[in-house]
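Put chain Y on the given structure of chain D with help from the hints.
This is what each chain is made of:
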Amino acid sequence: MGSMRPDGPRPGARPRLLIVTPDFPPAPGGIQVVAHRLAAGIVGMEIEVIAPDSPGAAQFDAASGLRVRRVRGGGALRGGRNALLNFAALAHALRFRPDVTLSAHIVASPAAAAIRRLLGARTVQYFHAEEIGAKPRLADFAARHADDSIAVSAYTAGLIADVAPSARRVHVIANGADIPVDPSPRPVDRPTIVTIARVEERYKGHDVMVRALALVLAKVPDAQWVVIGDGSLRPGLEQLARSYGVADAVRFLGAVRDDERDAWLARAHVLAMPSRLPAGQFAGEGFGIAYLEAAAYGKPVVAGNVGGAVDAVADGETGLLVDPNDPLAVAEAITRLLCDGELAARLGAAGQARAQQHAWPKVVERVEALLLAGLGSSSSGQAPAPEAGRPNR
Amino acid sequence: MCATLRHRGPDDEGVHTDADSGVSIGARRLAIMDLPGGHQPLCNEDGTVWVAFNGEIYNHRKLRDDLRRRGHTFSTNADTEVLVHLYEEYGEAMVHALEGMFAFAVWDQRAARLLLARDRFGEKPLFLHEHDGELLFASELTSLLQVRPSLRELDPYAVDAFFVFAYVPGPGTIVSGVRQLQPGHLLSWKRGAASSRERSWWTPPQVGVRRSESFASVAAEAKLLLDESVRTRMVADVPVGVFLSGGVDSTLVAATAAEASSQRLKTFTVGYDTGAVNETERARAVAERLQSEHHEVTLTQDDVAERAPAVLAALDQPLADRAAIPLHTLSEFARPRVTVALGGEGADELFGGYPRYRWLERARRLQSALPDVAVRSLAGALRQSAKLGPIERASTRLAPTPVLERNLDWVTSERRHRREALYGPRLMKLDRGRVLANLATRAGELDGGTAARWLMHLDQVHYLPDDVLVKTDRASMLVSLEIRTAFLHAGLAELAGSLDTSMHLAGAGKALVHAMLPADIIPTTRFARYRKTAFRVPAAEWLRGPLAPVLRRQLERGTIYSEGFFDRRAAERLVGEHAAATHDHSDQLWPLLSFGLWADRFHGLDEA
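So the sequences go chain by chain: D and Y. First residue of the first sequence? That's 1 in our numbering, and the numbers climb one at a time after it. First residue of the second sequence? That's 394 in our numbering, and the numbers climb one at a time after it.
A hint or two may mislead.
Said to hold, decoys possible - BS3-like cross-link-like pairs, simulated, lysine-lysine; straight-line CA separation at most 25 Å:
no.: 1; chain 1: Y; residue 1: Lys616; chain 2: D; residue 2: Lys135
no.: 2; chain 1: D; residue 1: Lys219; chain 2: Y; residue 2: Lys583
no.: 3; chain 1: Y; residue 1: Lys616; chain 2: Y; residue 2: Lys455
no.: 4; chain 1: D; residue 1: Lys219; chain 2: Y; residue 2: Lys455
Claimed, not checked - Using C-beta positions, here's what the derived DEER-type ranges look like:
no.: 5; chain 1: D; residue 1: Ala83; chain 2: Y; residue 2: Gly900; range: 25 to 33 Å
no.: 6; chain 1: D; residue 1: Asp230; chain 2: Y; residue 2: Ser543; range: 53 to 61 Å
no.: 7; chain 1: D; residue 1: Gly254; chain 2: Y; residue 2: Pro729; range: 40 to 48 Å
no.: 8; chain 1: Y; residue 1: Arg835; chain 2: D; residue 2: Asp230; range: 47 to 55 Å
no.: 9; chain 1: Y; residue 1: Gly900; chain 2: D; residue 2: Arg346; range: 52 to 60 Å
no.: 10; chain 1: D; residue 1: Ala349; chain 2: Y; residue 2: Arg584; range: 43 to 51 Å
The hints are simulated quantities; they were obtained by calculation from the structure and are not laboratory data. All residues carry an ideal CB built from backbone N, CA and C; glycine is no exception.
Just chain D, with the same shape it has in the complex:
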C-alpha cells in the first residue's frame, strides 16, 4: 500500500489486465462463467488469465483463443492448488506487468495483493457469496487489499460489509446471462421442471426439490424433473428420490455440454432451484446465474426468497420466490406454473426482457469501466464508480 507505481500504462498501448481465477471453463460452474465471459468480452485491455489446469483445458483454450496460463499440480487438496495458483500468478505478473489485477475469487487475493504491492497494479476483487461465509478472514483480507470490490448482488455486498467493515468501494454488478440466438421453445412430451446447478452444495435445495416433487406429482402426475449438474451429493440425491418413490419422474443428466443444457432450457416449462441460506456462517447463493439463463429462454423460475436469488428474480414478475425450506411452498409454486400456462408465459416474457438488460456484453462493459477507472490518474481512486449494476426490481 502506498507503493509507487513504477510504470503506468504506456501511451497508445492497451492497459494490461491479469485475471487470476481458481475456476475457469471447461470446468462447470457460475464463477467459471463469470471469469470466462469477462476474459472473452473485455476488448479495451490486453488480457491474460491464470487458472488451474483441468481435464480438457488445452483443447478449450486452443479453441477459445484466450491467453490462459494453466497451473498444474497442487495435489488433491484445494489448499495446495490455491497456493500454487497464487505463486504462479505472482511469478507471471513479474513478466506480464499488469496494470490491473482482477481476482475472480478471494482465494486469489494473496497474489493480487502481492502484485499490487510490488508492481503497483490496481486490484479489483470479485465476491460471490459462499466463500465469504466459509473464509471470512480471507474475505476481509481480500476486501482490504483491493482498490475496488465487485459484489454480484446486494446480498453479497451485505455479506462483505459484515466480515470486512473497512472494505473499500464495493460495487454491486450483477452477473450476466447469455442471450440465446434462438430462444424459441422446443417441444417436450412431459411437463418439465429443470434444475441447473452442481450437486455439490446442499444449499442449492435439490433435497427440497425431491420432497416437493412428491407433491407436484399428486397434481401433475406426468411431470418430470431434469437435474443438470454433477457432484458428490448426487448418489445421495438419487437415493432420496428412490426413498420418496419419485425416482421414475427424475432424470439425472449429470454435467452436460452447453448445447444440451440450452436444449433443456428451451424444452423446460419451469426452472426451479430453491436455494436456501445454509446454516451457521455459511452464505449460500450469491446470485444464481441459472435463473437469468432460464429467463433468457423465456422460462419462469421458482427460487428461494433469500440471498442473492432475490436480486436475480423479481417475485411475481419473472418468477416466484418462496420459502426454500418448505417443500409444500416449492411444490405449490411449481404446480402453479405448470398448470397455469398464462401465468407461466407472462412471467417468462418478463424474465426474457429482464435478461436482455443483463446480457453479458452489458455486464462486461460495467466491469471494464470499473477496471479502467482510476488508471492514468493517481492510485488514490477518485474515479467515479460505474453505474452500480443493481438489477431493476
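Using the frame of chain D, we list chain Y on its own:
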C-alpha cells in the same frame, strides 16, 4: 374395539359408520391440541371424507394456513382436520407434507376407498387383519383381537424371534393372522377389491458418500434442523417437558428446548435405589446448567415388584426391553406436571451412537486384510484365554462369521445359541435358521457401502421401530403421556443418512450430536467421556431381589411352560444360578419373564 384403547385416549371417543359400504372407523383421543374441538372421527364440509387419527402433526398450523389459502374451511383447531383437507388436496401424496408421528385412516366415501398410513419411523402403531376382501385395523393388537377372537393364535415363529431379539420384529406380530403396516408405508383398500395395495412412501436413506463439504457446515445444518424439530415439537396447548437421562442425546434435546422456550423448562429424570448405574447425578448437573425446573423420581425395589409385572403384562405385544420399566415410572411421575415430554430416542440409530458400528466395521476390515486362518487363530486364541465374560464376548465378535450374524449375536447377547437348551416342545421343531434369514431379508444388500452404514440402516428399520419406539409409545401411553422424539425428523434423518459413516463415527462416535452440544453444557471432566446411558437398568439386581418371587411364580404356574413354549427345568436352572449370583442370566431371564407375564394375560383373556 374403542373401549380397549381407553388408556391411549382417555378424553374422548367417537365412531363413524358408513352404512352403505359397511365401513366403520373409530377413535379415542388424548387431547393435546384444540382440547374441546378435536372430537374424532372428523369429516370434510360435505361429509364425504372421514379421518381417524392417532398421533401428532407438528406442522399442522402451517398446513392449515396453506389449506385455508387454497379455499378449505376449517371447523376445529385440531390437527386431525388438517388431514381431511390435505387428503382432498393431495390424495395419498398428502403424507409427504406431514411432519409428525402418526397412524391414520381416511375413508373416502365417493371413491369407496380407505387409506391407511403410518409415519416415517414407525412411532405410532397400526395393526391389520385382512382376509377375503375384509380389512380390520386398530392402533392396538389387543383391541383387534377383541373384535376377532379367532385370531388369538400365537405364531411360534414370532415367539422364536421374540426370544432372540427381545421384541417382535415387524411387519409380523405375535399372532399369525395380524400384521403391522410398516413404517413409512401406506395401504389403500377398496370396497370389493380382492386385496389392498401397500407401498412404501419413505425409507431412511443410506448413501454414505465421501464428499467435499466440511464437518462444520454439516454440523451447522444438523443443528438448524434439530432446532426446527424441537421448536415444532414444543407447540402444544398443554405443558411440555423433557426427559433427561443425563446422556448426550437427551442433554442436547434439553439444551435445544431450553433455547427455544420462553418459559423455564421442566426436566425429568429417573434413578434407582440399587445397582451401580445411577445417572441422576449427571442429569441434575445438566439441569443446573440449563436452570431447568428439575424433577427426580427414584424407582425403588418395592416399586419394581409391583410395577414391572403390571407393565410387562399390560404391553400390547410382548417386549423385553428392560428400559420400559423406568420409562413407565418416569412417564407416570411426569404426567401430573406435563402431558407431553420430549425424548432423545433415535439419535443412536441415526447418528451412529452404538460402539459396535465401529467395532464391526474394524473387524470386517481386519478380516478382509488378513487371511482367514489368521483371523480364526486370533479368535481361537482369544477364546482360549477367555476367563472373563467381556473377553469371551470380544472373541466371538472377532470370529470370522459374517457381519450380520456377529451383529445379531452382539445385540441379542447370543440368545439364539441358548434356544436349544430352553425351548419346549412347541418351539423345538421350528426351523432355527429362519430368524437370521428373515433378518437378512430385512437388512437387504450391503451394496458396496460400509458395514457400519448397513448396520445403522438395519437398526433404523428393525430395532428402532420394533423395540425403541414400541417401548416409548406403549410405556408412555399406558399413563396417557405423549413422548415426542426430537431426533426423528425427516430432514435430520435424511441428512444423517447421506453422510459418510466416518463422519458419524469420528472421535468417540455420534460425532454430530457432540458437535451440536453447546460448549459449556457438559459440566466437568468427570463427564468428559460420556458413555451410552439412556436410563440404564439394574435388571440383574431386580431379578435377584424384587422380581425373584415373580420369576418363581412364573416357573410354578406360567403358561409359557405349561403350554410347552419353554422348558421349565432349564429355566429353573437359570433362575437358580442367577439367584445364587454365580451367573448373570438377566439377558435370558428378562425375555422369559416379559413373555411369561404377557402370555399369562393373553391366555387369561382367552379363558374369559
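For each hint, the structure was consulted:
no.: 1; hint: Y:Lys616 - D:Lys135; verdict: holds, 20 Å
no.: 2; hint: D:Lys219 - Y:Lys583; verdict: holds, 22 Å
no.: 3; hint: Y:Lys616 - Y:Lys455; verdict: holds, 21 Å
no.: 4; hint: D:Lys219 - Y:Lys455; verdict: holds, 20 Å
no.: 5; hint: D:Ala83 - Y:Gly900: 25 to 33 Å; verdict: holds, 29 Å
no.: 6; hint: D:Asp230 - Y:Ser543: 53 to 61 Å; verdict: holds, 58 Å
no.: 7; hint: D:Gly254 - Y:Pro729: 40 to 48 Å; verdict: violated, 59 Å
no.: 8; hint: Y:Arg835 - D:Asp230: 47 to 55 Å; verdict: violated, 33 Å
no.: 9; hint: Y:Gly900 - D:Arg346: 52 to 60 Å; verdict: holds, 55 Å
no.: 10; hint: D:Ala349 - Y:Arg584: 43 to 51 Å; verdict: holds, 49 Å
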